Every structure is written in C-alpha cells, then in structure tokens.
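Trainee: Below, each chain spelled out in residue letters.
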Amino acid sequence: MTEHLAAGAYNFAYLDEQTKRMIRRAILKGIAVPGYQVPFASREMPMPYGWGTGGVQVTAACLVPEDRLKVIDQGADDTTNAVSIRRFFQRTAGVAVTEATGQATVIQTRHRIPESALKQGQILVYQVPIPEPLRFLEPRETETRKMHELEEYGLMHVKLYEDIARHGQIATSYAYPVRVEGRYVMDPSPIPKFDNPKLSGNPAIQLFGAGREQRIYALPPWTQAVSLDFDDHPFETSKAPHDCDLCGAKDSYLDEVITDDQGGRMFVCSDTDYCAGRRARGMKGRLWAPEPEGAA
Amino acid sequence: MTVMGKVVATEQPLLKVEGLTKRYGPRIGCADVSFDLWPGEVLGIVGESGSGKSTLLSCLAGHQRADLGRVSYDGRDVLAMSETERRRLSRTDWAYVHQNPRDGLRMGVSAGGNVGERLMAVGARHYGEIRGKALDWLGRVEIAADRVDDRPSAFSGGMQQRLQIARNLVTSPRLVCMDEPTGGLDVSVQARLLDLLRGLVRDLGLSVIIVTHDLAVVRLLAHRLMVMKSGRVVEQGLTDQVLDDPQHAYTQLLVSSVLQV
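If you read the protein sequences in the order shown, they are chains C and Z.
Whatever position you read off the first sequence (first residue = 1), add 1126 for our numbering.
Whatever position you read off the second sequence (first residue = 1), add 1314 for our numbering.
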C-alpha cells in the first residue's frame, strides 16, 4: 500500500516541486545569514499547526530518495508526533527510516537535540512554534524586525533581569536565546537549555522551520551560538539531579515519570535511542529489569 | 553641584533648530520654528491644544520626520543621521518623557527592569551593577527601594511618572524632552514632581525642552519661553519677560486666562 500511494497519489515528499524550490531558496538564504528569520510562503499541511508543520515542510524540501529519516518528539522516537511524521514521510516519500541517530541523514526533532554527537553531512530539522525571541517583550512585528536590523538586543537582557529579580537566578529553562556569530539573537525553539551548548560548533546543518509563523532560519555547520547571560549570573545548563533509572547515564537529559499515586517516580533518558543503545551495550540503571519472555 | 560645575562652557548651542516644518497633508503641524538650546538651559514651549507643541517635540526627538528645516545636535545633523545613529542617541544622550507614563514605561516589567533597560541597551551585562544603579535612581526619584521588583501597574500615577523620569535619566542624557510631564496629576503630586525635576535639572546640568500648557510649570522650571499658536512661534524670550510683559495678543490672552486662587 505504501508503494501504491507513494507512486500514485503524491509527489515525492508530499509537496510539489515548485513549493520545495521556494522552501529551498529560503533555507539557502537562512544558511547564508545564520540566525536571520527568512519569511517563506508556508503551506497548509495535512496536520494541525503545532504538530510541526514548519519542520515537516523543511524536511520535505531537504529529502532525497537516498535519505534515511529519523523523527523524534521530546527525544523519543515512539511518541505520537514522531510516529505520525515518520509514517507520513514513509508513505509520501518512501524513504528509509531509522531510530538510530548515527545512521540517520535527516533528523526532524521537536524540542530536543539528540544526545549522541551529530556528524558532518547530517541535517537536523527543528519544529519551531514561535521563531521570534523578542515576541513576548515586544508584540509589534515591525518593531522586532527593526530591532534585529539595528542589533538592539538590550530587551533580551531585560527578560533575563526579570528572571533574576523574581527567582534569584535565570529561570528560563527552555527556548533560551542565543546570539549567533555575534549578530542575530535567535530562539533555538523550545529545546531545554541543557541542549544549548550543542547548538554551537555543531558539524551538522541545523534548520528551523516555523509553519504558522512562516519563518525559516538556520545554523550552518560549525556556527558559534552563545547563550545570553550576565557577567555575574553566567549561563548554566540544568537537568534533573539524577541518573537514568534504565541505563544509568549520568550525562543525559532526563524525563520524570510518575509510576504510582504513592509518590513513586523514576527518571529516564528523554532520548530513547541513546538509552536503548546504552542498555544494548549492557549498561543498567537502578530500576532496569529485562522484559519477561513473550511479553512483547 | 551647580549648573556651572556640570556644564562645560561652549561656543555652540547643544541643539540648533532652523526653519523646522512639519505638515500633515494640507494642514500645518508646525511651521518655520527656529531656536537654539544651550547646555544647561531649560526651554519651555507653551500654547493651546493643537498649536503644534507636541508635533515639534516629536520631530525633534526623531519620532516623526520633519518635512523641512535643519536640526543639529552637538554639531551633527540629526535629520541626515542614519537611523542606527539616531536610535543610539535617543538611548544614551537623549531622553523623552511622555505625558502618559504608560507610553514611556514597560508595564509588564518590574520597576528595576524598567530603569535598567537603557543600561542593558547600551551594553551593561552585570546584574549586580544594573540593579545597584536602578536602586540608586529609584531613591533619587523618591521611590522606596522595596518597590524595585513591583510592576509599574501597581504604582500610582505620580510614582509612574517619577519612574519614567528615572528610567530616562539613568544613562545621564544631556538633552531631555518632556511632553506635559505633570499632565493628569493632582496639584500636590504635581508640586512634588516639579520640585524633583528642578533639583535634577540643576544637579545634572540637563538641557530640557518642556512642552506644557501649564504656565505655572514653565514659571518654575524654564529659563526661556516660546509661545506657539497655529503651528507658529508667536513670541519668545526670557520666561519672566514673556509672562510679565506679554507682547503678542495671544500671549496676553494666555497669561490673563490663568485663574487666580
């Protein structure tokens, strides 16, 4: 059935060729001006806004038949959003898919950067809800564009100031703004600030697509992206102060899972591929128990 | 510290305005306005509603583009300046106090953040120092230090106006434009605000252009006075001279219209 639909009903990767050309032009412009939000004529996609319509369009424009696609949602390969988008491209593009970070050529992600280091030649596509880092401080689009144009980024620090004044520390823990190559201030999409250091100097191409807001921006390989901070309140990453209960990893970003109504909880890697890979290599966490025979 | 201590003697005025004209289609906003403003001087602009006072001020501050004329600040042509430069000036060397503090403040940001914004805009990146300066300035405009983390929406009208002044003066500007700074405040609050302004102007050696329709305000603050009617300057001179011996019919009307209590 997959073959039939891919061959008959849809153009390769759903979008028509002219649309893909238009998106590729926006991507190229974004790569030429790192961190700059390039407007593009975002299309209606067969999924609701907020499900990653921007990322899907960017992925569609990047895919070639030889690609191997991985889709993650909050680090996991097996959540609704990831499964739907992966299946969407299996049907419409017929490309190979994988859950292994190392084997994928294109990775579409929602709100995480994979734990395993990316390589040159890989493309990481982010789904972005609100591309404008200044939006919540300055509601006028005309004004924020002017501020980007004139590099007036003092307002970004006002937000961080408010954080410290109210919480004693920079409480922004996701969508933490970065300055790209000393020029544009960019919203890295709602990734945890734990992932911010991985944005900078990454060998992979990082593309950001915002479908509803009709913006594409990019970080070319090896681009510097500095997280904003104060001299006396430097940028710090944060994660739950635990080890993964399944694989024992100390260095990965963790999800908290409530296990009963008695206060029981466990912490597991949000990157499912990373966690499974470690377990396959024999590493075990506090609560790891192999599945009983015949359970699956 | 006296005015003389802060102001460096100079050969040229701080602000030189020549033949400034702004039209709204066929209507005149202000026409052919010329004046010089010297360092440490306070210039009052009075006139009835619709006489072009606010238009003139917003042209000077770069909020609107003048159609004709020249404005030079410190020897530099303001109208020919690039927008980057003009906006930098308006963040550092200039200040603009709006009539309604809601226009000049960020209502969703704490008082400290409001005062610190200009500092951060010019590159301050040390939280402790920014906060220290914000507290210092809140003190100077008589806002208690424990209100530093409150939002301006929790402040009274008079406090909001004082906060706006602190926010503007924190980068030690040399030129301050004020558009009816006492409008909408009750008289006792007005009196305290004027007192404060007079002290700040004197201590910091500010050059101020103050637009108002309240003659008492200019009597207290302004060294020189300009009277506008229908977009044109009808009379200018020393404040006392203009108010005590008005020459133009309109100025005479204006002065005689003030209610005596």
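Accuracy of the hints is not assured; some may be wrong.
[What the hints assert, rightly or not] When the alpha-carbon atoms are kept at most 35 angstroms apart in a straight line, the in silico DSBU-like pairs for lysine-lysine are as follows:
1. Z:Lys1330 <-> C:Lys1272
2. C:Lys1365 <-> Z:Lys1330
3. C:Lys1365 <-> C:Lys1410
4. C:Lys1410 <-> C:Lys1285
5. C:Lys1285 <-> C:Lys1365
6. C:Lys1410 <-> C:Lys1376
7. Z:Lys1543 <-> Z:Lys1447
8. C:Lys1272 <-> C:Lys1376
9. C:Lys1285 <-> Z:Lys1543
10. C:Lys1365 <-> C:Lys1245
11. C:Lys1272 <-> C:Lys1410
12. C:Lys1272 <-> Z:Lys1447
No wet-lab data here; the hints were simulated from the structure.
Values in this document were obtained by computation on a predicted structure and should not be read as measured data.
Trainee: None of the hints should be skipped; say for each whether it holds.
Mentor: So, going through the hints one by one against the coordinates:
1. Taking the CA atoms of Lys1330 of chain Z and Lys1272 of chain C, the gap is about 28 angstroms. The hint holds against a cut of 35 angstroms.
2. Distance restraint check for Lys1365 of chain C and Lys1330 of chain Z: the Cα-Cα separation of roughly 58 angstroms exceeds the 35 angstroms cut-off, and the hinted pair is therefore not satisfied.
3. Between Lys1365 of chain C and Lys1410 of chain C the alpha-carbon distance is near 20 angstroms, which keeps this suggested pair within the 35 angstroms criterion.
4. As the CA atoms of Lys1410 of chain C and Lys1285 of chain C are separated by approximately 41 angstroms, the hinted pair breaks the 35 angstroms bound.
5. At most 35 angstroms may separate the alpha-carbon atoms for a hinted pair to count; Lys1285 of chain C and Lys1365 of chain C meet this at roughly 22 angstroms.
6. For the proposed pair Lys1410 of chain C and Lys1376 of chain C, the alpha carbon gap of about 12 angstroms is at most 35 angstroms, so the pair holds.
7. Between Lys1543 of chain Z and Lys1447 of chain Z the CA atoms are separated by roughly 41 angstroms; this puts the pair beyond 35 angstroms, and the hint is violated.
8. For the hint linking Lys1272 of chain C to Lys1376 of chain C, the alpha-carbon distance of about 43 angstroms lies beyond 35 angstroms, and the restraint is violated.
9. Pair hint Lys1285 of chain C plus Lys1543 of chain Z does not hold up; C-alpha atoms about 44 angstroms apart against a cutoff of 35 angstroms.
10. With a C-alpha separation of about 24 angstroms, the suggested pair Lys1365 of chain C and Lys1245 of chain C falls inside the 35 angstroms cut-off, and the hint holds.
11. With a C-alpha separation of about 53 angstroms, the suggested pair Lys1272 of chain C and Lys1410 of chain C falls outside the 35 angstroms cut-off, and the hint is violated.
12. At roughly 28 angstroms between alpha-carbon atoms, Lys1272 of chain C and Lys1447 of chain Z fall within 35 angstroms of each other, so this suggested pair holds.
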